[in-house]
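Engineer: Each protein sequence line maps, in turn, to chains A and B. Take the first sequence: its letters are residues 1 to 281, numbered as in the numbering used here. Take the second sequence: its letters are residues 1 to 317, numbered as in the numbering used here.
Where hints are given, some of them may not hold.
Unchecked claim - Which residues of chain A face chain B? A partial, calculated answer using Cβ under 7 angstroms:
(1) Ile149
(2) Thr150
(3) Ala252
Claimed, not checked - Quick look at which bits of chain A chain B covers, simulated, 3 or more residues with Cβ under 8 angstroms:
(4) 32-44
(5) 65-77
(6) 207-215
Hints listed in this document are in silico derivations from the structure and should not be mistaken for laboratory results. Even for Gly, the Cβ is constructed at its ideal location relative to N, Cα and C.
Here are the chains, one letter per residue:
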Amino acid sequence: MAGLGGTETLGRKSRWAILDLVVVVYALVPVLWIMSLSFKTTKTLTDGNFIPREWTLDNYKAIFQTSEFVRALGNSIGIAIISTVIAVVLGTMAAYAVARLDFPGKKALVGVSLLVAMFPQVSLVSPLFEIERSVGLFNTWPGLILPYITFALPLSIYTLSAFFREIPWELEKAAKMDGATPAQAFRKVIAPLAAPGVFTTAILVFILCWNDFLFAISLTSTSASRTVPAALSFFTGASQFEDPTGSISAAAVVITVPIIVFVLLFQRRIVAGLTSGAVKG
Amino acid sequence: MPAAEPEVVLEREVPAPQRNRRAGSRAAATDAAGLGRARAVGFVAPALVLIGVFLVFPALWTIYIGVTDYQLTGAAAAAPKVVGLANFLSALNDGLFHNAVWLTVLFVLGSAVIGQNLLGFALAWLLRGVRPWLRRTVESMVLLSWILPSTVVAYLWFAVLDRNGGTLNALLGTPGTAWLVTYPMASLIVFNTWRGTAFSMLLYTSALAAVPPSQLETARLVGASGWQTVRDVVFPHIRGHVLTNTLLISLWTANDFTPFLLTAGGPNHASETLPVFIYRQALEGGQLGYASAVSLLLLLGNLLVALVYLRLLRRRG
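Excised from the complex, chain A in its bound form:
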C-alpha cells in the first residue's frame, strides 16, 4: 500500500518537477539574459552567449558616472517614497473610516475607487498635462507625486479596508470600556494589528509608483524630475558612440533589484494584499 502510494507520488512529483522547471525557465530567461548582458563587455555584447565570456562592471560604473542616470535614480527613489508615505497615511485614515462607519460620501468614495479601475490611465495624460502646465507643476516632483498618490489611493483604500474589516471591532469597544480614548484605542490596539496590512499596502503602492512609465514620460521634460523608467527610454549609453545595450541592461538591473528584493522578502504579504480585496469582494 505504502509502496504503491510512493510510486504514484513519485510519478506525479516528476510531472510537477518538469512543469515547474518549464515555468521557472519561462519566467527567468529574460531576467537572466538582461543580467548577463549587463556584465558583458562591449565587444562580446552580441556574441549570443548566455554566460558572459568576459565579465565586467564597466556598464555599472558607466551609468553611475552619467548625471542623467544618477539624477533619475534620485528622482525615482524620492518620488516613490514620498508618494507612498502620503498615499498610505491618507489611505489608512480613509480606509479606517470606511471600514468602521457609515457616513456621507462613503458610497461616492467606493464608487470612485471602482471607476478608477476602469479608467484608462492614458486618457488622463492630456488633461493632467494641461493642468500641470497651467499651475506650474509640470516637470516638478510634486507634479508626479500628486497624480501617483491619487492613482494609488483607491488601491490602498481598497486593500486597507479589507484588512481593517478583519480586525474585530469589539477590540475598540473593549479598549473604551477600559477607559481608553479613541486616540489611545487606535494607537494601542488597532494600529499594531493593522501594521501588516499597512505595510503590505505600502509595498504595493511603492511598486506602483516605482514602475510607472506613462506619467513619468508625459509629465516631465528634463532630468529635473524624470524617473528611471522614463529616463531609460532616453538612454543612449555613456558616450555618444557607444552601443547603449550594456548600459541599458545595467540600468534595468539597478531599478529591478529593489523590486526583486521586495518580492523575495515580502512575497507572502504581497500575495495577501493582492488577493484580499478581490477574493472577499
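For this one, chain A is given, so just place chain B on it according to the hints.
Structural biologist: For chain B alone, kept in the frame of chain A given last:
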C-alpha cells in the same frame, strides 16, 4: 510629518460624542471606534479632495475636450470650439479606430480571458499539492514577471525577440525572424499572458483553498477525470472568483499601455490597441479632442463589460 496627522485629529476632539456610543441597530453602522461622523468625514476628506482634483476633474475635462476640436497646436489650440458629437461620429467612420477596437478585443480575449485565465488556473491547480518551497519558488517567479517595471520588461522582451542574437531565435533555430514585426499581435498576446498571469494564479490559489477537500476526495473515489472534477466540483465553488478575475484582468489589459513600449503600435498600425491609438492621436497627432472622445468610448466599453459581469454575478444568487 504627515504620519502624526491622524493622532492630532483624534486627540483634539476627545471625548467622542455620546450619541455614537450607543449599541447600534446595524452592525456595520455601529460606530465602535467612537469616531463620530464629522471626524469620519474628516478622515476621508483629504483622500477625496486629491481624488477629486487629480482624477475626477481631469476625467471631466476629458469629457469636455471630447466634444471640442481642441488641438495641441494651431488655431484650435488657442480657441477650441465645441463641435458636439462630431468627434464620436468621425471615430465611427475612422478605419484606424475600427482597427484599434478590433485589436483591443483580440488582445483582451487572447491574452487575458484565455491566456492569463487558463494559465493562471492551470498553475494554481497543479501547484496545490507540491512542497511549499517549490510552490513559493514558482510563485515568486510568476509574481516577478508581473511586478517588474514595464520599461524593463519591454526591454527584456526586446532582448528575447531580437532579430539578431535574440534568445528565442537561438532557441528555435530561426535566426533573422523579427517577431515583433512579422507577428506583432501574436507577440503582444504571448507577452501579456506571460506578464499578467501572476494575478490570476494567486487569486485562483486562494479560491481553490476554499473548495472542500471532501468533495475532491469523493470525485476521485467515483473515478472522475481531472477535467470532470474541475468542471463539476471545483468550478461551481469558484464561479464568483472566475468572474471577478476575468473582469479585472480584462479591464487592465484593455487599458494597458505596455504594447506601446514593445511595438509603438507598429508596423503600420498592426498592433495599435486603443490606449496606444489614443496616445498617438493625442501626443503625436495633436488631436486632443479626438483622442479624448476615443478615451471616452474606451471607458464606455469598459463599463459595458463591467455591467455584463455584474449581471452574470447576480444570476448566481
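Engineer: Mind listing which of the numbered hints don't hold for this structure, in increasing order?
Structural biologist: 5
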